[in-house]
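Residue numbers (numbering that gives the first Met the number 0), protein chains in the order written: chain B, 0 to 274; chain S, 0 to 278.
Do not take every clue at face value.
[Unchecked claim] Stretch by stretch, here's where chain B covers chain S in the computed footprint (C-beta under 8 Å, at least three residues):
#1 162-169
#2 180-192
[As the list claims (entries may be wrong)] Facing chain B, a subset of chain S residues (Cβ under 8 Å, in silico):
#3 R97
#4 A172
#5 P176
[Claimed, not checked] Some chain B residues flagged as far from chain S (calculated, every beta-carbon gap over 12 Å):
#6 T79
#7 R112
#8 S134
#9 K147
#10 C175
#11 D190
#12 I199
Hints are computed from structural coordinates only; laboratory data are not their basis.
Remember, it's a predicted structure, so these values are computed and weren't measured experimentally.
C-beta: ideal position from N, C-alpha, C; glycine also.
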Amino acid sequence: MIARATMQTELAPHRADDPDAEVKLDARHVNFWYGDFQALHEASLAVQARKITALIGPSGCGKTTFLRIFNRMHDLTPGTRATGEVLLDSHNVLSPETDVINLRRQVGMLFQRANPFPKSIYDNVAYGPHILGWSKAQIDQVVEESLKDTGLWEEVKDRLRRSALNLSGGQQQRLCLARALAVRPEVILMDEPASALDPIATLRIEELMQELKKRYTIVIVTHNMQQASRVSDFTAFMLMNPKRAGEVIEFGETDDIFNRPKDGRTEDYITGRFG
Amino acid sequence: MNRLLLRIALDRLVTGAIVLCVMVAAVPVLVLLLFVLIKGLPGMLAPGFFTDPPHPVGVPGGGVANAIIGTLEIVGIGSLLAVPFGALVGIFLSEFGRNRLGDTVRFVSDVLTGLPSIAFGIFGYTILVATLHHFSAISASVALAVLMLPVILRTTETALVLVPQSLREAGLALGAPRWRVTLEIVVPAALGGIVTGALLAMARAAGETAPLLFTTLGNEFVQVNPLQPMGALSLTVFKNALVPYANLQDQAWAAALLLVMLVAITNLLARIYIRRIQR
Numbered sequence: 000m001i002a003r004a005t006m007q008t009e010l011a012p013h014r015a016d017d018p019d020a021e022v023k024l025d026a027r028h029v030n031f032w033y034g035d036f037q038a039l040h041e042a043s044l045a046v047q048a049r050k051i052t053a054l055i056g057p058s059g060c061g062k063t064t065f066l067r068i069f070n071r072m073h074d075l076t077p078g079t080r081a082t083g084e085v086l087l088d089s090h091n092v093l094s095p096e097t098d099v100i101n102l103r104r105q106v107g108m109l110f111q112r113a114n115p116f117p118k119s120i121y122d123n124v125a126y127g128p129h130i131l132g133w134s135k136a137q138i139d140q141v142v143e144e145s146l147k148d149t150g151l152w153e154e155v156k157d158r159l160r161r162s163a164l165n166l167s168g169g170q171q172q173r174l175c176l177a178r179a180l181a182v183r184p185e186v187i188l189m190d191e192p193a194s195a196l197d198p199i200a201t202l203r204i205e206e207l208m209q210e211l212k213k214r215y216t217i218v219i220v221t222h223n224m225q226q227a228s229r230v231s232d233f234t235a236f237m238l239m240n241p242k243r244a245g246e247v248i249e250f251g252e253t254d255d256i257f258n259r260p261k262d263g264r265t266e267d268y269i270t271g272r273f274g
Numbered sequence: 000m001n002r003l004l005l006r007i008a009l010d011r012l013v014t015g016a017i018v019l020c021v022m023v024a025a026v027p028v029l030v031l032l033l034f035v036l037i038k039g040l041p042g043m044l045a046p047g048f049f050t051d052p053p054h055p056v057g058v059p060g061g062g063v064a065n066a067i068i069g070t071l072e073i074v075g076i077g078s079l080l081a082v083p084f085g086a087l088v089g090i091f092l093s094e095f096g097r098n099r100l101g102d103t104v105r106f107v108s109d110v111l112t113g114l115p116s117i118a119f120g121i122f123g124y125t126i127l128v129a130t131l132h133h134f135s136a137i138s139a140s141v142a143l144a145v146l147m148l149p150v151i152l153r154t155t156e157t158a159l160v161l162v163p164q165s166l167r168e169a170g171l172a173l174g175a176p177r178w179r180v181t182l183e184i185v186v187p188a189a190l191g192g193i194v195t196g197a198l199l200a201m202a203r204a205a206g207e208t209a210p211l212l213f214t215t216l217g218n219e220f221v222q223v224n225p226l227q228p229m230g231a232l233s234l235t236v237f238k239n240a241l242v243p244y245a246n247l248q249d250q251a252w253a254a255a256l257l258l259v260m261l262v263a264i265t266n267l268l269a270r271i272y273i274r275r276i277q278r
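Work out the full structure, taking the sequences as your base and the hints as a guide.
Quick look at the structure:
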């Protein structure tokens with residue numbers, strides 16, 4: 000019993016043990032600082048291709064910080080620093096030589112609150128392809144495909160030139176998803192994408208995720224444990240250490256994390272004893 | 000029950016005090032506007048006011064055509080100089096100016112805002128009038144452009160800072176370079192504020208008198224060449240108000256009314272424009 004527990008700790012925070020799995024995004028011993036404050040401590044996570052990986056944990060445990068490192072969004076915040084490695088197809092994202100623009104085309108993002116541009120529905124989705132310099136015909140096609148992929152096409156096809164701000168909250172969030180899909184990313188990061196949505200709009204997003212994971216790798220931050228257990232294949236549980244830096248406590252298949260947690264702290268959180 | 004009555008009484012008292020304060024603030028403005036309207040309207044309705052240049056002193060009639068053209072042209076050229084430059088500096092301050100250079104620019108701009116307007120006149124005189132050896136409308140435009148600059152760049156900066164950070168992140172997360180996000184997402188989202196700032200700066204410049212006195216000097220004839228001295232509405236008010244001829248004094252009032260109307264219409268258009276693009 001003791002021997003087994005030791006073995007689990009060695010395996011645990013690192014990666015799910017499936018030798019055939021293709022690791023798309025591999026974070027290794029990531030430390031992160033806002034100025035002098037360390038927000039992440041030795042965080043590791045192996046995200047598998049075409050699966051949904053959920054990051055759960057109490058507020059302030061560094062979930063969002065961890066997520067935003069994967070496409071270097073932290074570059075926008077002055078005074079931040081990251082060490083360790085985040086390998087995307089074996090290339091280190093954190094390396095200074097990384098072409099951030101190219102990286103963000105591969106690793107798209109969906110935010111906590113829908114943030115459509117104050118432009119037309121069409122222009123929102125077309126913005127990424129437009130930046131890439133695609134032809135008008137290509138852009139028309141990708142706009143239609145992306146809107147179909149997010150189930151919006153039938154709802155908006157007659158008013159593509161109208162302002163995106165007139166859409167409902169759930170439609171706006173799906174539009175933002177379509178906008179992210181339009182540049183054909185490989186990974187999609189979602190930062191509590193449904194936290195501002197009603198249950199029905201939330202369900203739409205979750206259904207879409209199941210469709211999208213056939214083609215895309217998804218990492219989702221959520222503080223909603225039901226959502227994590229419903230939608231994800233793998234779950235990482237994060238917690239603040241005594242110095243308030245976030246750590247990955249346990250990582251594994253969602254079913255195991257929720258039903259057979261190995262770490263007492265995971266079990267306490269799952270069963271609602273703290274956080 | 001007593002406490003409730005007391006509270007209602009107190010509520011009425013404070014509401015009354017606030018209404019009184021508003022009236023104290025608003026009444027002088029309304030009186031002033033009414034005064035200018037009553038005094039200026041006869042002169043404005045006189046034949047030839049808009050179409051004729053001034054007549055020689057003692058000859059009845061005449062208008063302010065020279066000054067209308069002058070004000071529009073001087074302020075127009077000044078705006079062409081100040082608006083693009085001011086807007087660009089404002090964009091720099093908001094998007095790339097969180098550093099010492101940005102702080103320096105902000106400080107200089109605040110100092111410029113507080114400078115008395117006659118100082119801008121001296122500036123225009125020194126760098127253009129003195130070097131070219133004659134008065135010119137263009138030197139007035141330059142002086143007004145410098146006067147407008149701090150207003151434009153600070154309103155531009157404020158408008159851009161109000162654009163939610165999430166919009167910038169959305170653009171950058173798509174793999175758009177920073178400069179494209181700034182020009183294609185952030186600036187269009189703040190366009191209303193930027194345009195308002197520019198229009199307010201233009202309205203302020205149109206009413207300035209001191210910077211014009213020793214730059215454009217004034218001209219009794221219609222002049223459209225910016226390298227020559229030119230009339231302006233504020234100069235007409237200044238000169239005609241000081242002469243002992245009733246018809247010229249009427250013209251001064253009318254010119255003042257025309258200036259007030261120009262500023263009011265500009266403000267109104269700015270507001271309508273903002274309301275339209277915000278929809």
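Status of each hint after checking the structure:
A stretch counts as covered by a chain when three or more of its residues have a beta carbon under 8 Å from one of that chain; for the segment 162-169 of chain S and chain B the count is 6, and the coverage holds. Remark: the segment 180-192 of chain S is confirmed as covered by chain B, as 4 of its residues place a Cβ nearer than 8 Å to a Cβ of that chain, reaching the required three. For S:R97, the shortest C-beta to C-beta distance to chain B is roughly 7 Å, which falls under 8 Å, so the interface hint holds. The beta carbon of S:A172 comes within 4 Å of a beta carbon in chain B, closer than 8 Å, and the hint placing it at the interface holds.
Evaluation of the S:P176 hint against chain B yields a held restraint, the C-beta minimum of about 6 Å falling below 8 Å. Interface exclusion of B:T79 from chain S stands, the closest Cβ pair being 14 Å apart, more than 12 Å. Not every Cβ of chain S is farther than 12 Å from the Cβ of B:R112; the closest lies at roughly 6 Å, contradicting the non-interface assignment. Consistency note on B:S134: stated as away from chain S, and its beta-carbon is indeed over 12 Å from all of that chain's, at 18 Å minimum.
Annotated as non-interface, B:K147 keeps its C-beta farther than 12 Å from every C-beta of chain S; the closest such distance is 19 Å. Residue placement check: B:C175 does not keep its beta carbon more than 12 Å from all beta carbons of chain S (closest about 7 Å). A Cβ of chain S approaches the Cβ of B:D190 within 12 Å, the least distance being about 10 Å, so the stated non-interface status is violated. Non-interface status of B:I199 relative to chain S is upheld: no Cβ of that chain comes within 12 Å, the nearest being about 24 Å off.
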